[in-house]
Amino acid sequence: MDFNDTPEEANFRKEAFEWLRDNAELKEGPKDGWRAASEEEGLKQVKVWQKKLHDGGWACLHWPKMFGGRESTPIERVIWGQEVSKFKVPGGYLEIGQGMAGPVMMMYATEEQKERYLPPMSTGEEIWCQLFSEPAAGSDVAGIKTKAELDGDTWTVNGQKVWTSGAHFSDYGILVTRSDPSAPKHKGLTFFFVDMKSPGIEVKPIKQISGGANFNEVYFTDVKIPDSQRLGAVGDGWKVSLTTLMNERLAVGDASGPDFQEAFSLARGQDLNGKLAIENDAVRDKLADWYCQQSGLKFAKYRNISALSRGETPGPQSSITKIVSANKLQEIANFGLDMLDSAGILRTDEEGAEQSMYQYGFYGSAGLRIAGGTDEILKNIISEQVLGMPQDMRADKGLPFNEIPTGNK
Amino acid sequence: MDFNDTPEEANFRKEAFEWLRDNAELKEGPKDGWRAASEEEGLKQVKVWQKKLHDGGWACLHWPKMFGGRESTPIERVIWGQEVSKFKVPGGYLEIGQGMAGPVMMMYATEEQKERYLPPMSTGEEIWCQLFSEPAAGSDVAGIKTKAELDGDTWTVNGQKVWTSGAHFSDYGILVTRSDPSAPKHKGLTFFFVDMKSPGIEVKPIKQISGGANFNEVYFTDVKIPDSQRLGAVGDGWKVSLTTLMNERLAVGDASGPDFQEAFSLARGQDLNGKLAIENDAVRDKLADWYCQQSGLKFAKYRNISALSRGETPGPQSSITKIVSANKLQEIANFGLDMLDSAGILRTDEEGAEQSMYQYGFYGSAGLRIAGGTDEILKNIISEQVLGMPQDMRADKGLPFNEIPTGNK
Amino acid sequence: MNFEFSADQMQLKDIARKFLEKEESVKRARNVLEGEASYDEDLWSKIIEMGFTATSIPEEYGGLGLGYLELCVIAEELGRSLAPTPFSSSVYLASEAVINFGDDSTKQVYLPALAAGEKIGAFAHTESNTSPTESNIECSFSDGSLSGTKIAVVDGDIAGFYIVTAKNDSSVGLYLVDASSDGVSITAQPTLDPSRSHAAITFSQAKATELKSDWSDVLNLLDRAAVLFSFEQLGGAEACMDMAKEYAMGRYAFGRSIASFQAIKHKLADMFIAVELARSNCYYGAWALSTDAPELPTAAATCRVSASQAYHECSKENIQTHGGMGFTWEFDCHLYYRRCRQLAANIGSQAIWKDKLISSLERANQI
Amino acid sequence: MNFEFSADQMQLKDIARKFLEKEESVKRARNVLEGEASYDEDLWSKIIEMGFTATSIPEEYGGLGLGYLELCVIAEELGRSLAPTPFSSSVYLASEAVINFGDDSTKQVYLPALAAGEKIGAFAHTESNTSPTESNIECSFSDGSLSGTKIAVVDGDIAGFYIVTAKNDSSVGLYLVDASSDGVSITAQPTLDPSRSHAAITFSQAKATELKSDWSDVLNLLDRAAVLFSFEQLGGAEACMDMAKEYAMGRYAFGRSIASFQAIKHKLADMFIAVELARSNCYYGAWALSTDAPELPTAAATCRVSASQAYHECSKENIQTHGGMGFTWEFDCHLYYRRCRQLAANIGSQAIWKDKLISSLERANQI
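Residue numbers (the working numbering), protein chains in the order written: chain A, 198 to 606; chain B, 198 to 606; chain C, 91 to 457; chain D, 91 to 457.
None of these hints come from the bench; they were simulated from the model.
This one's a predicted model, so the numbers in the text were calculated from it and none came from an experiment.
From the three backbone atoms N, C-alpha and C, an ideal C-beta is built for every residue, glycine too.
One thing to keep in mind: the hints can contain errors.
What the hints assert, rightly or not - Below, computed lysine-lysine pairings styled on DSS-like, alpha-carbon distance capped at 27 Å:
no. : chain 1 : residue 1 : chain 2 : residue 2
1   : B       : K594      : A       : K594
2   : A       : K472      : B       : K495
3   : B       : K495      : C       : K103
4   : C       : K117      : A       : K401
5   : A       : K495      : A       : K472
6   : A       : K384      : A       : K344
7   : C       : K257      : A       : K472
8   : B       : K498      : C       : K257
9   : A       : K498      : D       : K103
10  : B       : K344      : B       : K244
11  : B       : K244      : B       : K283
12  : D       : K103      : A       : K495
13  : A       : K404      : C       : K257
14  : D       : K117      : B       : K401
15  : D       : K257      : B       : K472
16  : A       : K404      : A       : K384
17  : B       : K404      : D       : K117
Claimed, not checked - Which residues of chain B face chain D? A few of them, derived with a C-beta cut under 8 Å, are:
no. : residue
18  : P227
19  : P396
20  : V400
21  : P402
22  : K404
23  : Q527
24  : D535
25  : R544
26  : Q556
27  : A592
28  : T603
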């Protein structure tokens, strides 16, 4: 039991570090990192960096070389992630395309389509989004209503998607639709990719409780999609979707925001009821809980990396990580605000101010407990897929989709 | 808003107190109370006391006078309970008969039966038990299998009951059976009363995790019951049972065992990590939670008593009380044992020793979270019956009882 | 035993509820949150017309002379409807300070104006990122004038006068300073809940009136206010529970109402339990406040802790029950999530009130 | 990255598990609980035959000289199967004390006998209803003999010798006293978990051997033992989770397996999360113990707290999942519920370990 690389892993790590050292700037401290002044600016910088990665052979590590990837092993991806986190490099914007759309295209697109679309995805020249969730298809992901009708070899799509990250700057999107409302829920779906500049597509930002807008609603009005852009057979859309759904739940992962370290350091400098907060046993008690949770998640991750390193399939760490870290974040955020007593309510946009970090966590945790699978859905998944417990009773089982009760919301 | 009696209530309280003062001994302190040396001894003393109550006109307050009761209002019962708790008087043994069997008999027995059975129930001369739960009918109370078959005007009963309090010292019992296994679950039940000395009835104590045995298994082997002892129509047993089921859930009520007061007083005398436990903020934090829960339950009860006093129907306080107090007891018990550090494991039968109180709570709370409706069943009840939320899907809906899946346990 | 509000009080509650519903108070809270105004002046003037600000001010000073139970039921409805007005600052804190600690001439000047809504008062207490105590308060009073800075003063930018905690030679007490006095400078402070305004106030030798009070009176003022704030929190908590239930009943997934899933049902049952415990404790607080019972410190801390917990639980689980929609700006869930924090911060954090509760029980040496 | 037990270690774990299943260790725990014996001598002798007691004792003293990782996997299986033997006292505490603080002649005498199971050792530390500290320990050593009383000494009535904490002139350290010495009197003490024996030991001028140690060594011994106890707790927690799941799968109510109800599914998911966090933290402890890492105090407290929480959660919710049957003597649920408390008490309560954890992080001034 050790934390050391195998010789192969050590070589890979060295190679990655050296390339990064020659092409990027090391972070100066744990709080240092890349930030863009605006979304446009960030997008520009990400594209430049991605091109550099691609030219250096470090783009899309898990992709085949023929499409611009490196054919790395899972453990190499982990090592790359560890090394890259030491540097101030641009990030974001491309993950959904490269992580979800890319694999689906590789599996279901024609050779010509792969040659056309995958290389610009790997270089960052073209950006992709994922058009899955709908107002009535959240936890119940297969409850998709967006209608696709075939006439000749052209499909006409009408409906609405929600929670689409990056729809407003994406060039293409992968899309699930309902092509047969009279078939059972999981049977009548059909999967496409679509040009986001197609006539009839309208993108509207969704304002979140924090006031930010990281997601969009996407409206489809008589959008035409050639049948050649269908991925998988007609009616097989659910099967195609499954390729990406688990990836999405994995992707949400760990919470960003204040964690044990921040709460600990706050408590060491903060007065509470006449003494330092760290001397308050109730604070120590909570800190100990959070440390144990954080430590448990960290070492669960190490166990998973070890499994990858041995070529084994990793465990259900990501569901656990999301449940535990989202709830921990909500507790820590409230703790931090409470520590500041009546002043905890004050908003400050000062860089690094205590309040703003905890206030960010206050909003973010509420979203994180929902995004990419609610606490409740993830506990269903753990109990069913990990522990092998039976599904709940299904009211929609075997019913034609258009006869499934839908209520009023 | 006040805690005062109305003039009528004050009169009743005075009358009750004066009778009690003339017939019983006041408690000397909060920990003083009646205790019997053995079950036999206790039973004997309870019968003597019940006779005295009856002769004084204080037996079965809520019963009609013709059967030995007083026809008191609900608020008078509450006041009586408050006054009686100030005295060292025997208790137990009779509640199930007087609280559950009596009301069923009043509603469903013949006039002759009422005259025969109710008066000795009110005087304590005859004791009754309730034969409902079965190994496969716990949370699912209607899942009763004990079979009753009619031949001429005699029923033959075979099967097993569990968790029957007092079966071993009871003279009679009320009994639910399945008379038609081919009818849907709630339709094929028939209700009886039965002489506990009937041939074919065997009572075996159930040893609990605490080592005590307050409940029994009761086996029925070809037990004959005359049709005249049927209560309600054949197949109407569920309806008859409902008369008593809510009473049972009410009866379990508040937890006995250490509460805030005990934990608070422990903390004020106990050293923890180099200072008094009460000076430990984590201890204070937990104590505050328990105080708020205890106080909330106490004042919810006062609100309910006020509703009774105004002649209104009280709220769902009993379900809340049981969930909150059972879980609080489990926390406080573990807290108390933890406070004693490694010595918390030591068992002592010394009267009033800290350990024995917390150890009793350690076992008792585990049972209390289950008895008379688990936490989970009570939360179903709150959400359905109080908040009006829909039932979960029912796999047994409309099925003949003998076709309902039963698994292996 | 009559541990319940009277029929008249319940009727007042019903009137307050219907009035605030009709006035679309929640929508007004959203407007203040999204707009530039510090509060809803129109709603405030209607609340004044209803007589709510005059409720507990004695008749001799132009009030209605009703008891605190009446104020409790109004507070619950203001909390339920997120009313974006300076009611709590002006009524629970400023009016109470003047009623309890002002001399007759101060009462003559301020109480009729408070009752009639002509003046808004605010409570200026916090000075830093930690709970104010008798020993850490830096604002000071001498020779009739007050100096120092207070932050996070709720309604500080709209108040006509402040009740300020400050030290003089010997102890910390309460002072009254007019906002229009020389030496008072006011800076609005943005917060997590922009439906309620906050400000930093700097006093430089500002003329101040001494209220007859010491630190124990400051604590008493906070205890009294805590009961009323608890009713606001209770109303907010119950509103969240009701919203969550209503949404769950109508939202279908997997072919059935999500209200039929145990995960949601038990979540709602937990909210209901929290609300019922909080309500019962709030009644205890109301009884103690209205009878000036010696149990007030215990009762106030109990209902404050209990109601804060219930609101916290209900406001966050309301978002969770709504799923993705609960996380949108468009839905009202976040208005309650924010207000829950605002009310939790307003008169000091949970850690402080829990400690106060146990301290009061230690003093009482009994329960 | 190889943060996992090796194939050999996993094989040893599998051997231990199968051995304890075959020997019906849980049933033996029930027999000890219900009977008169202090432990299961037959199982103990078989455990010795398996070489488990010799695992981490150096070869030069008759042990197998394996590492602590091997001992961790054995501990997990002993915990899972409730093995009613003095393994933890003799191996995690007594053997470790002699290995780390004994001089060569003490090692020569005791280690071969411990490895061969000829001697059982126990740790005598607690003196009262509060956690032993450097300043409250009253047992004292002078001129080669030890006096004072220890209580709740696990396996105290069956041990051949004791590792005793006592003060001399300057500090508190560890001493070794033979149970057969003059001046040693032993009284068995009944406990919540009679499947493990406990005793009070009074020393009256009993001959004692000084181990080269001070208070920091006592803490180090407890930290080392904490890792091994955590693995026992982990095994117990996982056993409870497995029992609960198995029972729920087979138990039907309302026409369906209760394992299909969300209330039960989410309860099991919560248990699984607690067990996974505890397991990952236990591995951290195992790594720190086996590499003698400076992080040991942090790692030990982390896994101790985490494993205690997981066992507490799983043992109580296992009873709850079983419903009425879980509350019967006949089912095994209570054996785990009791053992959970016994292990939680054994080397000090949760409050103490949480405080140790934060203290160690304060000292490290980093995480």
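Contradicted hints - numbers only: 2, 5, 8, 10, 13, 16, 18, 19, 20, 21
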